[in-house]
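**Q** Read off the chains here:
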Amino acid sequence: MRRNGPLALTFHAIFVVIMVAPIAVVCLVAFTPEGYLSLPTNGFSLRWFRAIASYPEFVHAFWVSLGLGALSSFVALLFAVPAALAIARYKFRGRDALAALFLSPLMIPHVVLGVAFLRFFTSIGMGGSFAALLVAHVIVVFPFALRLTLAAATGMDRSIEMAAISLGADGWTLFRRVTLPLILPGVISGWALAFIQSFDDLTMTIFLAAPGTETLPVRMFLYIQDNIDPLVTSISATVIAITMTALILLDRFYGLDRVLAGKSDTGR
Amino acid sequence: MSAAADTAAANAAATADAPTARAPWALAAPALMLFIGVLVIPLAMTVMLSFHDWGQYKGIEPVFILKNWHEIATDPYYAEMFWRTFRIAALTTLITAVLGAPEAYILNRMSGRWKSFFLLVILGPLLISVVARTLGWALLFGGNNGLVNKLLMSLGLIGSPLRFMFTETGMVVALAHVMMPFMVLSVWAALQRLDPQIENAALSLGASPPTIIRRIVMPQIMPGVLSGAIIVFSLSASAFATPAIIGGRRLKVAATLAYDEFLNTLNWPLGAAVATLLLVALVLIVVGSNALIERRYAEVFR
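One line per chain: the protein sequences are G and X, in this order. In this text, residue positions in the first sequence follow the working numbering: the first is 581, and each later residue adds one. In this text, residue positions in the second sequence follow the working numbering: the first is 274, and each later residue adds one.
For the record, the hints were derived by calculation from the structure and aren't laboratory data. For glycine and all other residues, C-beta sits at the position ideal for the given N, C-alpha and C. Possibly wrong hints are sitting among the right ones.
[Stated by the list, open to error] Short derived list, chain G residues pointing at chain X, Cβ under 7 Å:
| # | residue |
| --- | --- |
| 1 | Ile603 |
| 2 | Val609 |
| 3 | Val655 |
| 4 | Phe659 |
| 5 | Phe672 |
| 6 | Ala677 |
| 7 | Leu678 |
| 8 | Ala680 |
| 9 | Leu683 |
| 10 | Val691 |
| 11 | Arg699 |
| 12 | Leu782 |
| 13 | Leu829 |
[What the hints assert, rightly or not] Taking lysine to any residue and the SDA-like style, the derived pairs with C-alpha atoms no more than 20 Å apart in a straight line are:
| # | chain 1 | residue 1 | chain 2 | residue 2 |
| --- | --- | --- | --- | --- |
| 14 | G | Lys671 | G | Thr621 |
| 15 | X | Lys423 | G | Thr621 |
| 16 | X | Lys340 | X | Ala317 |
| 17 | G | Lys671 | X | Leu305 |
Produce the complete structure using the sequences and hints provided.
**A** Below you can see the structure in the form of structure tokens.
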């Protein structure tokens, strides 16, 4: 019973091929020597990778995405860590409602968030600014930052804190020297998942991004609305390569399973 | 998780040195203020916006009228568009459940190294931009002589090429691919709670493998399939990138229509009404099916 039969393995093989096929085809087309989208049949060429350099807006968008993801995940944690400690440690009226509110960005369609943020930031005169984009991303990634911090704070051994208090640690020292180091793995995982969420978001960001604050997914989406050439495939292939390199490095130095530990817990 | 948090909080409340009632609110206050200021207020403004008037030349007029809601209720274009949105989401959910659940089960029976390798292969696409994944499908679909059509025809499954680009079929296929990791993950989580000894016990009592799947495995992973289905359905119904790229400019779903009203037509009140309706419909569906599932599988969730 523990073994997969030939039928199951055939199903599995087809399943995996279908899962990989669209990504593989993007990476293959990126090497085409032709000026249009085609599988490389007349040999491989790096021409579309070289072409990226002549589109500075894509390189700029990549840095915007990177900076936005890193910064919004960090800011989200500044708010999420105390909130997680409040929810994990105290039983108070309105606690469940508070948790539901903090997790609600998971349930609200991103197109609705995009619409709401566009309306809001335009009416307070912040439309199209990086600050607006940052605040919006903080809200969207907040549930991821909160959930993993919450899981870490809930499972924490509080007697260590008691010991620190009895030894005379004050509130801030207690947090900085004892609590934070103990929940740090959860905080780091929360940051990583929040970053991924921010880096990949298109639906909400496209409502807020203006020329200059366009993120990479937005720039790519807008580009393929008007142009049909292999440039976007070479950019996708580059980003996929960067992602894989980052994953391998992360696995080497930190352990992928530690980051992904909370992955099944996040629900999306 | 909430149950665990409850016990932990109860323990904390019991052991901590008499926490004041204000402490948790002081800790949560910054986040609460952020959420009220930048989430609750903008959402309320959007609902209000849907009742405002709009004209080609006068722009948005902050009056209270039901014009947009009336238009959505009476113009069959919107009924068709919402019907299409939910039809695509339902089909996508069905496909991910029918293919994703067996795959999760097969994965779970693999030996350690293969298991983690293939889990990475199937969940890895989550890290790749939806734009890139959908573009991949657009390339595979191509025109009449796209790779998918060539393959299906050479296998003798179809006689003449199918249209995938700019059709609902294409949208469902690409969306199912985008959403598949969520379903596999959800069923996978349910499988981790399943005790393999139960299967062995059934086997030793003379149950055939199909019986074991039907009577032992299926009932136990059903909560995982259903919670995966809720996630996939709500994400598919509000998906933007895939319907926009595969569906083109004419085959609209709720998210692409709202985008068009906001950034092309500039009829914000109508776009806000579409977005509000999508939000309300999804919340009702998700909360409703959650309640149903929890009642049906109360013993599994405990």
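**Q** Out of the numbered hints, which ones does the structure contradict?
**A** 3, 6, 8, 9, 13, 14
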